[in-house]
Structure formats: C-alpha cells, structure tokens
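Hey, can you work out the whole structure from these sequences and the hints?
Going down the list, the protein sequences come from chains L and V. For the first sequence, numbering that gives the first Met the number 0 begins at 0 and goes up steadily by one. For the second sequence, numbering that gives the first Met the number 0 begins at 0 and goes up steadily by one.
These aren't lab readings, by the way, just hints derived from the structure by calculation. Note that beta-carbon positions come from the ideal geometry of N, C-alpha and C, so glycine has one too. Heads up, none of these hints are tricks.
With a straight-line Cα cutoff of 30 Å, these simulated DSSO-like cross-link-like pairs (lysine-lysine) come out:
hint, chain 1, residue 1, chain 2, residue 2
1, L, K300, L, K47
2, L, K440, V, K125
3, L, K443, L, K18
4, L, K457, V, K103
5, L, K171, L, K480
6, L, K457, L, K18
7, L, K457, V, K125
8, V, K125, L, K463
9, L, K443, V, K103
10, L, K414, L, K309
11, V, K125, L, K443
Partner residues aside, some chain V positions facing chain L, computed with beta carbon under 8 Å:
hint, residue
12, L39
13, A66
14, P113
15, P116
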Amino acid sequence: MNNESLKLKVAEYTAKVDKASAKFPERKNIEYNRLYTPLDLEGLDYEKELGLPGTYPFTRGVQPTMYRGRFWTMRMYAGFSTAEESNKRYRYLLESGSTGLSCAFDLPTQIGYDSDDAVSEGEVGKVGVAIDSLADMEILFDQIDLGKVSTSMTINAPASVLLAMYIAVAEKRGISVDKLKGTIQNDILKEYAARGTYIFPPKPSMRLITNIFEYCSQHVPNWNTISISGYHIREAGSTAAQEIAFTIADGIAYCEAAIKAGLDVDDFAGRLSFFWNAHNNVLEEVAKFRASRRVWAKVMKDRFGAKNPKSWMLRVHTQTAGSMLTAQQPENNIVRVALQTAAAVMGGTQSLHTNSKDEALALPTEDSVRVALRTQQIVAYESGLADVVDPLAGSYYVEAMTNQIEAEAWKYIQKIDDIGGAVVAIEQGYIQREIQDSAYKWQKEVENNDRIIVGVNKFQIEEKPVEGLLRVDATVGELQKKKLANLRAKRDTVAVNAVLATLENACRDEDFNLMPIIIKAVKTYATLGEICGVMRKVFGEYQAHATL
Amino acid sequence: MEQRVRVLVAKPGLDGHDRGAKVVARALRDAGFEVIYTGLRQTPEQIAEAALQEDVDVIALSLLSGAHNHLFPRIVELIHGTGMTDVMIIGGGVIPDSDIPFLKEAGIAAVFTPGTPTTTIIDYIKTNR
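What follows is the structure, encoded as structure tokens:
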C-alpha cells in the first residue's frame, strides 16, 4: 500500500470537506472523525491485537465459532409481586423460547430486609419479586428444572443468601449441586459507585464475595460467581470507555481480594463474568465490546499471570440501555431496542436481555415483553448479523474506535491504580464524580439540542395517555406479611436461633467461609432479613457520603 | 439582598437510582438555588427532619421504584406535621400519568416525569414560589 499517496489524498479530502461540517449544527457531539482509512490502522498488528476468535486476546470473540455454534442465551430479566406471580411469568418466558431465566428481586430483598420490616413498606414486590425465605424460593422455581435451566440472579449485598436458597431448593429436589448453572451478580463495588443496593462496608463485603468464589470453585463449578457490571455505571451516565474502565478496575479489585485470601487465580477467574450495556451508538458499542475483551485478556495474563485461557476470557451478559427508553412515543423504543440488540450481537455477547417499550413508564406487560424477546429472535434468525463471527472486524472505523476505547480505558485504569485501586477510588468518590460529570454533560447536550432524542427534544407530538400498563397489586405487601407470620409460627424456632448464633460467631472469624453455614441457615427457614440482620450486627452498614 | 431559595433534593425509600436526582440537584445549583442533597435511602421521617433542620423552601423528591403512592403522601403529612405548611413539595421519577392526580391531591405541587428538561423544573420553582 502506498501510504504517502493516500496521505496526500486524505489531506486534500479533509481540506475540501472541512467547511461542510458546519452544515450539521444538531450533531456537534460526535467524538469520532468523519472518515477512517487504512492510515488510522497503521501499525496494527493483526495477530497480536485481534487474532482468531476463541484465542488470546479474544478481540474477535471468546468462542471459536460464536453464533455459528449456538445463539446467545436469550435471557429476559423478570420478576415482580409474589413468587407465585413471578413463577407464572418465568414459565411463560420459557414457553415463549427464552433460553435462560433472570430474576429481578424487589428492593427489600436486595437490601436484606424482610417484607414485614418497617422500611419495606410500599416497596414489597414493586421492582422485582419479594423473597423472604426458602419457602418463597421453592415457589419461585416450582415446575422449573434447575438441573437444566440456567438462572441469573440480580442480587448483590445478600448474594450469598439467595445463592444458598437456590442450592437448598436443588438439594431438596435431589438435583446434584454440581449440575447447577447460572450467575449471581454479586458485584458490590458498582453498588457503592452507581446502583445503591449496598448493605455492608467494603471489607466484609469483599470477604463474602471471596467466600462465594471459594465455595463455588469446590462445589458449584458451573456457577458464574460474579457478574462484574458496567451496565449500571453506564445507566448512571458514564461514557462507553468509562463503563468498561471502571468495571475492569472493579474486576481487578475482586481478583486482588481473592488472591490475598489465598486463592489461585486460575481456580476462580474462569467463573468471573461481566455485564455490559448496549447503548444507542451501534458501532461505538461494538467497538466497546471488542476493546473490553482485549483489555481483560491483557489484565489477566500480564497483571495476574493467569495460565488457563479460560481465565483470560471476558464472557458477557448484555442488557439494552434502560435509560435510553423514552416515556414519549413509547413505540419508538422498539426500534431503539432493535438497534441496541444489533450492537450487542455484533459485539459478541454471550447472553442478552432486551428491554420492553413501556419500561420508561412501568414494569413491562406480557405483550411488550414478547415483542422484546421477538426482537432478539428476529436478529438471530432473520437479520444475518449472527451468521459470521465478528462481522465488523477490519472496518477502519470499528478497529480505530476499538483502539481508541481501549486506550481511554487503560488511562482510567492507570489513574485508579494511582489512587490505590477501585475500592479507594470509590471511597474517595472519584468514580462517582466522573460518572456524574458525564451524566450532567449528556443532559446539558440534550437541553441545548446538541444531542437529539427523537420524540423528546425533536419530532414531539401531543402525547396520548398510555393505556394498559402493568400495575403491581397493592396487596402484595400484606400477602407477604401473612406468609411470614405463618412461616414464623410453623418453623423450628430452636433450630433457627441455634444456626443464627453459629452464623454470628462465624462472621466474627475472618478465616471462616460463611457459605456452608448460610446454606444451613436457609434450610431451617431462617429469613433473609434475619440472616442479613446477624451480618449487619457484626459487619455494620456502609455509610455513603453523597457527592454532588 | 434577596435570600437564595433553599431546595432539599431527597431520595425516599430503598431506590438506588440517583442519576436524575443528582442531575436535577446540579442544575438547580447552577441556576442559583441553594441545594442540599440527602443521599440514598431516606425514610420519610429523615426527610422531614432534614427539611426542618435546613429550613428549606422547596423539597424535590425523586423515586423510581414505584413506591411513590405510599411514600410521597407520607412525607407531605410529616412535613405539614412539623408546621412547615408553606414549603413547596415536588416529585419526579418513573411515575405513571394516572397516579399524578392522586399525588397532587395528597399535596405534591407538581410531578415531573422522564424526559423533562431541568429548565422546566427551574422555571416551575421560580414561578410558583
């Protein structure tokens, strides 16, 4: 290739068209060049930076054949009201062609309170299903074969307790625990930074996480012990590069904690998984997915010296961007979700949740969830996007963007290392401030019409009231309270108190792995609130300082 | 010199979504208001106490969990119970249109739903108090 001649031509082209850029006054926020050519990829070492799919550094995907082998797992995040109601929705989703489950828990469950706790008032069953004890968990998975289905649970601070309940349900049904497949989110650092459902301070929280890593590596080998999540960081307003940088910095902190606790990196790293957001800018998102795999592979190989190729792989679940759904003209959201789906698939995700059109207004109805699932099926079966592995590789633009996002991510990771790691960076509010600055910048751009959101700041119509939204039955709270009162009357109180006392002692001894005792506790029908209450007593609670 | 309007931006309940609350808080501050942000997970009692302590003119509640019909009226009741009857209480978040008449009836002066420009909120406060 004659680069000198190309350089001249590109310079001529640039001089000529530069004047034209003023013609796009509404699109000032574009951060990429107008045109990409081979000049932007000069010096790119294909084998070193891309390689083949299924090989280091996995830029082109973690599996050799990607969707030619099998499609991504179509996993719809669902759960509301009682375990009975949510069980119905899960079975509906499986009958409709969902290939995995994803449980949404209500806020009291996520923060370790029972439904009859005073702070739970008004929140029970609202954003997810209410789980108070093993009894609820048994109903939630009624008639669902835990030996076959893979289940993802969005649970963080009390992840150990919900995982213990899942294990207990399986054991009661005679399913061997080593057959269980699924994921717990279990990512406390992004709770402090962006999502808000923390309970305990960082130190005991990191202990619980490493306890889970260790327990599962020995007993539940097919379980993804953590889903290190950029999704919520992006929802809170970060950029694409910040999303992967802050998340990988969190991942580094988890690895360091586990290694410090005496685990070998290759014993747990293969079960670490990630969670990305599929945002609106399709090609930027594809580049983000590709860059993230490359950064993680380098971190695991070079920084942690992992030897097993599985430890180098960034396997990822994706959800389309909830914050990009508009309450205005909600049908338009179907189109947004379709484009975001395209991005996630061309980015090489391992599993995907697609949002429903009505989610800027309420929880989705069954009909709108079906359209969201069909969107994935149309992309899978009709669009051709899944036919070829990493179809955008070699695009001057996508490769240059992949390099750019990677470089930006390394800068942030370096900065966080300098601060003293992700835990310190969060405690000092650095990560929160960076996210907030990006969120505020985005909002200003929208309000100044430098960023157009169709139906919001351009192409508006007189909005009609939306009919048929899902409403959670207001009696759920009372229903759960009654179930709890019955449970407390019927169970063996002596056994419950004994196991809670043992748990308290175990919490005080840092060398103790808490998982086996938590499993014992849930089997006595000790409630989530009681178990977390014991841990609160010993560990204390995280006090966030609000940064503005 | 005119006293600056004091606004308490508050997150009641267990909801952890604070992107909106923080963006609104910052926009209000940039618009010249004095802004106090409570942080997450405030009980109605804590919010009423903070409003009283900080002697605010406006309380802006943000909630995305769906618990607004329970928590917003409770906060109004407690605020009025402290004797602060002329404080303006507004709300925002994922709130279906059909709930808004009930919330207004309960004493929420205005409800701002997703997609509202921060300037609309600023103008509302400036015009109505």
